[in-house]
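Based on the hints, put chain B in the right spot on chain A.
The lines below spell out each chain.
2 protein chains.
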Amino acid sequence: NPGSSRRCRWASIPGPNMREAASMYGTAVAIFLVILVAGTLELSWNVSYVQEDVHFQLLVRGLKAGVLFGMSDRGELENADLVVLWTDGGRSYFADAWSDQKGRIHLDNQQDYQLLQAQGTPDGLVLLFKRPFATCDPKDYLIEDGTVHLVYGILEEPFQSLEAINISSLHTGLQRVQLLKPEVPTPAVPADTRTMEIRAPDVLIPSEETTYWCYITELPQGFPRHHIVMYEPIITEGNEALVHHMEVFQCTATFESFPHFSGPCDSKMKPQRLSYCRHVLAAWALGAKAFYYPEEAGLAFGGPGSSRYLRLEVHYHNPLKIPGRRDSSGIRLYYTATLRRFDAGIMELGLVYTPVMAIPPKETAFVLTGYCTDKCTQLALPSSGVHIFASQLHTHLTGRKVVTVLARDGRETEIVNRDNHYSPHFQEIRMLKKVVSVHQGDVLITSCTYNTEDRKLATVGGFGILEEMCVNYVHYYPQTQLELCKSAVDPGFLQKYFHLVNRFNSEDFCTCPQATVPQQFASVPWNSFSRDVLRALYAFAPISMHCNRSSAVRFQGEWDLQPLPEIVSTLEEPTPHCPTRGAQSPAGPTVVNIGRGRA
Amino acid sequence: NPGSSRRCRWASIPGPNMREAASMYGTAVAIFLVILVAGTLELSWNVSYVQEDVHFQLLVRGLKAGVLFGMSDRGELENADLVVLWTDGGRSYFADAWSDQKGRIHLDNQQDYQLLQAQGTPDGLVLLFKRPFATCDPKDYLIEDGTVHLVYGILEEPFQSLEAINISSLHTGLQRVQLLKPEVPTPAVPADTRTMEIRAPDVLIPSEETTYWCYITELPQGFPRHHIVMYEPIITEGNEALVHHMEVFQCTATFESFPHFSGPCDSKMKPQRLSYCRHVLAAWALGAKAFYYPEEAGLAFGGPGSSRYLRLEVHYHNPLKIPGRRDSSGIRLYYTATLRRFDAGIMELGLVYTPVMAIPPKETAFVLTGYCTDKCTQLALPSSGVHIFASQLHTHLTGRKVVTVLARDGRETEIVNRDNHYSPHFQEIRMLKKVVSVHQGDVLITSCTYNTEDRKLATVGGFGILEEMCVNYVHYYPQTQLELCKSAVDPGFLQKYFHLVNRFNSEDFCTCPQATVPQQFASVPWNSFSRDVLRALYAFAPISMHCNRSSAVRFQGEWDLQPLPEIVSTLEEPTPHCPTRGAQSPAGPTVVNIGRGRA
Numbered sequence: 001n002p003g004s005s006r007r008c009r010w011a012s013i014p015g016p017n018m019r020e021a022a023s024m025y026g027t028a029v030a031i032f033l034v035i036l037v038a039g040t041l042e043l044s045w046n047v048s049y050v051q052e053d054v055h056f057q058l059l060v061r062g063l064k065a066g067v068l069f070g071m072s073d074r075g076e077l078e079n080a081d082l083v084v085l086w087t088d089g090g091r092s093y094f095a096d097a098w099s100d101q102k103g104r105i106h107l108d109n110q111q112d113y114q115l116l117q118a119q120g121t122p123d124g125l126v127l128l129f130k131r132p133f134a135t136c137d138p139k140d141y142l143i144e145d146g147t148v149h150l151v152y153g154i155l156e157e158p159f160q161s162l163e164a165i166n167i168s169s170l171h172t173g174l175q176r177v178q179l180l181k182p183e184v185p186t187p188a189v190p191a192d193t194r195t196m197e198i199r200a201p202d203v204l205i206p207s208e209e210t211t212y213w214c215y216i217t218e219l220p221q222g223f224p225r226h227h228i229v230m231y232e233p234i235i236t237e238g239n240e241a242l243v244h245h246m247e248v249f250q251c252t253a254t255f256e257s258f259p260h261f262s263g264p265c266d267s268k269m270k271p272q273r274l275s276y277c278r279h280v281l282a283a284w285a286l287g288a289k290a291f292y293y294p295e296e297a298g299l300a301f302g303g304p305g306s307s308r309y310l311r312l313e314v315h316y317h318n319p320l321k322i323p324g325r326r327d328s329s330g331i332r333l334y335y336t337a338t339l340r341r342f343d344a345g346i347m348e349l350g351l352v353y354t355p356v357m358a359i360p361p362k363e364t365a366f367v368l369t370g371y372c373t374d375k376c377t378q379l380a381l382p383s384s385g386v387h388i389f390a391s392q393l394h395t396h397l398t399g400r401k402v403v404t405v406l407a408r409d410g411r412e413t414e415i416v417n418r419d420n421h422y423s424p425h426f427q428e429i430r431m432l433k434k435v436v437s438v439h440q441g442d443v444l445i446t447s448c449t450y451n452t453e454d455r456k457l458a459t460v461g462g463f464g465i466l467e468e469m470c471v472n473y474v475h476y477y478p479q480t481q482l483e484l485c486k487s488a489v490d491p492g493f494l495q496k497y498f499h500l501v502n503r504f505n506s507e508d509f510c511t512c513p514q515a516t517v518p519q520q521f522a523s524v525p526w527n528s529f530s531r532d533v534l535r536a537l538y539a540f541a542p543i544s545m546h547c548n549r550s551s552a553v554r555f556q557g558e559w560d561l562q563p564l565p566e567i568v569s570t571l572e573e574p575t576p577h578c579p580t581r582g583a584q585s586p587a588g589p590t591v592v593n594i595g596r597g598r599a
Numbered sequence: 001n002p003g004s005s006r007r008c009r010w011a012s013i014p015g016p017n018m019r020e021a022a023s024m025y026g027t028a029v030a031i032f033l034v035i036l037v038a039g040t041l042e043l044s045w046n047v048s049y050v051q052e053d054v055h056f057q058l059l060v061r062g063l064k065a066g067v068l069f070g071m072s073d074r075g076e077l078e079n080a081d082l083v084v085l086w087t088d089g090g091r092s093y094f095a096d097a098w099s100d101q102k103g104r105i106h107l108d109n110q111q112d113y114q115l116l117q118a119q120g121t122p123d124g125l126v127l128l129f130k131r132p133f134a135t136c137d138p139k140d141y142l143i144e145d146g147t148v149h150l151v152y153g154i155l156e157e158p159f160q161s162l163e164a165i166n167i168s169s170l171h172t173g174l175q176r177v178q179l180l181k182p183e184v185p186t187p188a189v190p191a192d193t194r195t196m197e198i199r200a201p202d203v204l205i206p207s208e209e210t211t212y213w214c215y216i217t218e219l220p221q222g223f224p225r226h227h228i229v230m231y232e233p234i235i236t237e238g239n240e241a242l243v244h245h246m247e248v249f250q251c252t253a254t255f256e257s258f259p260h261f262s263g264p265c266d267s268k269m270k271p272q273r274l275s276y277c278r279h280v281l282a283a284w285a286l287g288a289k290a291f292y293y294p295e296e297a298g299l300a301f302g303g304p305g306s307s308r309y310l311r312l313e314v315h316y317h318n319p320l321k322i323p324g325r326r327d328s329s330g331i332r333l334y335y336t337a338t339l340r341r342f343d344a345g346i347m348e349l350g351l352v353y354t355p356v357m358a359i360p361p362k363e364t365a366f367v368l369t370g371y372c373t374d375k376c377t378q379l380a381l382p383s384s385g386v387h388i389f390a391s392q393l394h395t396h397l398t399g400r401k402v403v404t405v406l407a408r409d410g411r412e413t414e415i416v417n418r419d420n421h422y423s424p425h426f427q428e429i430r431m432l433k434k435v436v437s438v439h440q441g442d443v444l445i446t447s448c449t450y451n452t453e454d455r456k457l458a459t460v461g462g463f464g465i466l467e468e469m470c471v472n473y474v475h476y477y478p479q480t481q482l483e484l485c486k487s488a489v490d491p492g493f494l495q496k497y498f499h500l501v502n503r504f505n506s507e508d509f510c511t512c513p514q515a516t517v518p519q520q521f522a523s524v525p526w527n528s529f530s531r532d533v534l535r536a537l538y539a540f541a542p543i544s545m546h547c548n549r550s551s552a553v554r555f556q557g558e559w560d561l562q563p564l565p566e567i568v569s570t571l572e573e574p575t576p577h578c579p580t581r582g583a584q585s586p587a588g589p590t591v592v593n594i595g596r597g598r599a
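Read top to bottom, the protein sequences are chains A and B.
Per UniProt numbering, the first sequence starts with residue 1, numbered consecutively.
Per UniProt numbering, the second sequence starts with residue 1, numbered consecutively.
FYI, nobody ran anything at the bench for these hints, they're computed from the structure.
Please note that a few of the clues may not be correct.
Claimed, not checked - The calculated label-pair distances, taken between Cβ atoms and stated as ranges, are:
id : chain 1 : residue 1 : chain 2 : residue 2 : range
1  : B       : F32       : A       : S161      : 39 to 49 angstroms
2  : B       : H106      : A       : S44       : 48 to 58 angstroms
3  : A       : L571      : B       : V553      : 49 to 59 angstroms
4  : B       : E414      : A       : E78       : 41 to 51 angstroms
5  : B       : E414      : A       : K102      : 48 to 58 angstroms
6  : B       : H106      : A       : A337      : 50 to 60 angstroms
7  : A       : P563      : B       : K270      : 24 to 34 angstroms
What the hints assert, rightly or not - Subject to a maximum C-alpha distance of 30 angstroms in a straight line, what follows is the list of computed DSS-like cross-link-like pairs (lysine-lysine):
id : chain 1 : residue 1 : chain 2 : residue 2
8  : A       : K362      : B       : K64
9  : A       : K456      : A       : K434
10 : A       : K496      : B       : K456
Claimed, not checked - Interface residues of chain B toward chain A, partial, derived using beta-carbon atoms under 10 angstroms:
id : residue
11 : N109
12 : K321
13 : F540
All of these numbers come straight from a predicted model, not from anything done at the bench.
Even for Gly, the Cβ is constructed at its ideal location relative to N, Cα and C.
Only chain A is shown next, with the shape it has when bound in the complex (with noise of 0.2 angstroms):
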């Protein structure tokens, strides 16, 4: 009758590790918890930077015959790193191993994720077992910040061996954490806080792939000068599929007022002046959580020189067209009449939402890069800098992995945020491990890589979810008039790509005016040299910088036909540090007493 004991049984591990296991919990450092699949198993994790390693709680309700638990690329149960707890029938083993790309299970050579304790509790059973960051056996994952697929399997009858165990089998599912998370604590929120929703009522989704629904509103007359401190979406039950993203924006103070409306941001009905309203106050995407302010700024809204009128744009995406659906989501903000030190602000990196920035198909990894220049810096920074603490990574459907690198005279000096493991379906919103400060003169690159092997044409940039962006939200004080520093390629330039592929492979396809930048991509004709030649002109063609206030307003200047910055020394990916594992390390699996309670 495993996990329903009162009696803890505790595995028989020698000394060392039973004074580990205690002194974790006399640290009581955040302990972060994550349902893996509700009712059965549930995780929570505790990291150390100073040891380099991540301390797993595995909670396993209502065990049958074992459990496997790991990581891997992009959450597939195949090329996995894993802990597996497996019975022969009679005695239940615990080991490191990992899956090859048939989803075969093998032990691993070296054990580095190391029973710590294995306890039957009135819950469950509880597997307390610690790994290091980087273990250099090459069959192991490389736990780094930004986005880990966990993966899992419930074995439900023993197995003879690790190499015994049939995965599609299994019942197996994938969770995507943040795993490092950072040791920032969550801020205390001002005593004086109030919230209000900022949500479109009512909307009648529209049977449409993609509906960017724009709706606006107003705070109250009067509303003086607040500081956000924080903010949470609110989605309407049995929505949250459909609602991709949303995004609060301020009006410019320009116009005295603005007209009401809800409907679809490109609907012919809205009013022309809403493009007027693009200054971002709030974002959030699928898979983020609320988003806290740090203690010394907020995000200023009300008051004087600023609208009152708000934009709220919500990204329906609706892709098996379902009709009358109802929603009302939205984000509420908390804000306080006491004005914090800093106000803060959002800037959009990466690259501008043209088609100009387009991904062959069939490509498994291909980069593109948007780059907030020094020229942009110089001029829109004040000559204190501004400080980034957060950031939000933003791609479609084929992005799989961002970075955001900062430069400083033609040299990369520090990682503004990166994840190796994005994906579009968990877009949170990070507190960055360390504050990075921009200074006038700096560049800022953006480069995501893109997945288009299930695509038949070209993939450009643009709005629909089936086109594709690649921004970073940098979230940052002192607030600037900068909103957006984004570039691509200069289209003059594009269109000779498109005559000289033309003129190469002997083909004919209209390179003539009339056709648009899609209609050309899509009739290029994809070999090598088309691609190679694609990645060659956007590594070597002038940009076009957009380097713009919150009224879509450019700063004064040359934008079109720029250089693009030249990067003398790259930062290197660092060498993990591989610790010396000591004799304490098992060779093979270990005999576990999984407790099961005779009491």
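For chain B alone, kept in the frame of chain A given last:
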């Protein structure tokens, strides 16, 4: 008085290592030897392919304060993987260490060089230590097939610590060896073996950088069919640095006789007919030693149906244009009248010597690839296939890596020969660890990686020492008519490239027909676009095949504008197997009793 003691003193190493040391000598397999510094350092080693480790025995004569020994990518003392024996004035230490890019020495986290024995002998101090091929320590060198650059340094005085050692103040050096020699024993030479020297008599080496010297000689009248079973170079003393490579060719039997000649191969005086002397009998290049045929095969020469005339070609490399130097270098053939089972042959794989294959300047790792296509092997190989038993890789000065891969049905299946640390100064003919069988329809892909960081203009393919080659001379049996199976990009597509670069950069260099390809390459503006597009061209454009008989006549068929072989799956570099290190691996330096004799 180190190294002169007759009383052997042993380091205090625990028991198991002593047993290992004994067993090493007990198994009595071949031990390889190389002199690192005459009179000072001598290295012997022993490879276990089962244990995947190398036992090193380093003899240090006249030990002063210590010695560095190790391996690095290309023989530099920076970024090297080292063992260090040093003294702080009191005790002596042995440790696994590494040097960073500035040449500073650090202790390795993992101690992968394991000291087995340190013994004072009458000859000097003998250090016996072992290391696995792969350690999975990112600071360690991966011991692979092919060239290994051994490095060493002599410590003349005590150092307080590893970190205190200043490499630039030491006497250091490098020696290239094939560390992982195959376990093929040298075949016995038959009792009736005779020798014949093919030497150009008394050549006055021209004071030109590059000279190919041609010399015609002949076999005795009625010389019957023999098998060459071995050959070795004869280099005139003092000219070791001038003789770059030598080949012995047999002339075609089509002509009754050939005129005698001794002069530069490009001389206007050279009789036309000599271009019919292209069947390779023996080939030697800088760094190689004697070459033995396997016991079942020999290289046929003499007898009816074959020409009595031989051409010796000597490539003199005289960059300092030294005048008046006389030379009689050549090759000594060892041959037997007792014919072996198979006739052996030599086949040339890789790139045609043509300027259409070029490397841009300032490249650190530019790859050029030559193909032997399925169409050629289908036509020219016997239905039973051929068996490659040895290989000699050849490039000129900028070559850094060479590999030939066998592909069958679009899938790479086997490495014929690979050298990731290839040096043009060490061009041995190497016996393969495993004979590679090539069937009709197989593809052989030879890739060379070049470093042109020190060049200002493009390096084109060709015969000159400052031009480049990418060749693998494979030795095989049974002999076929196919002597050369090489490719180059289609010249028409290269012209498309020149046009395209011209247009894209809006520059105006001459792509007119009167410009030669080297002139065209010399006027390309080398930017990231023209570099990337050249790479893209070579990876895409059709090729011109040379599928030739010994007579320099192509096999019948269409060989121009051939498609590049399609490869759907490539061989992955094997994941190195990292041994589980036991408790016997020390965590830091080992104290060594270096056995200063007091007898």
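Here is how each hint holds up against the structure:
In this structure the supplied range 39 to 49 angstroms holds for F32 (chain B) paired with S161 (chain A), their Cβ-Cβ distance being about 42 angstroms. Between H106 (chain B) and S44 (chain A) the beta carbons are some 38 angstroms apart, a value that contradicts the proposed interval 48 to 58 angstroms. One distance hint, 49 to 59 angstroms for the beta-carbon pair L571 (chain A) and V553 (chain B), holds here, with the actual separation near 56 angstroms. E414 (chain B) and E78 (chain A) have their C-beta atoms about 26 angstroms apart, which leaves the hinted 41 to 51 angstroms range violated.
For the pair E414 (chain B) and K102 (chain A), the supplied restraint of 48 to 58 angstroms is violated, since their beta-carbon distance comes to about 22 angstroms. Checked against the given bound of 50 to 60 angstroms, the beta carbons of H106 (chain B) and A337 (chain A), roughly 57 angstroms apart, stay inside it. Checked against the given bound of 24 to 34 angstroms, the beta carbons of P563 (chain A) and K270 (chain B), roughly 54 angstroms apart, lie outside it. Our distance criterion of 30 angstroms between C-alpha atoms is broken by K362 (chain A) and K64 (chain B), whose separation comes to about 63 angstroms.
For the given pair, K456 (chain A) sits about 41 angstroms from K434 (chain A) by alpha-carbon distance, which is inconsistent with the 30 angstroms threshold. Between K496 (chain A) and K456 (chain B), the direct Cα distance comes to roughly 28 angstroms. Compliance with the 30 angstroms bound is thereby established for this hinted pair. Nearest Cβ of chain A to the Cβ of N109 (chain B): about 6 angstroms, under the 10 angstroms cut. The hint holds. Hint on K321 (chain B) is violated. Least Cβ distance to chain A is approximately 38 angstroms, over the 10 angstroms limit.
Interface restraint check for F540 (chain B): the shortest CB-CB distance to chain A comes to about 4 angstroms, inside 10 angstroms, so the restraint holds.
The structure fails hints 2, 4, 5, 7, 8, 9, 12 (numbered hints given earlier, in ascending order).
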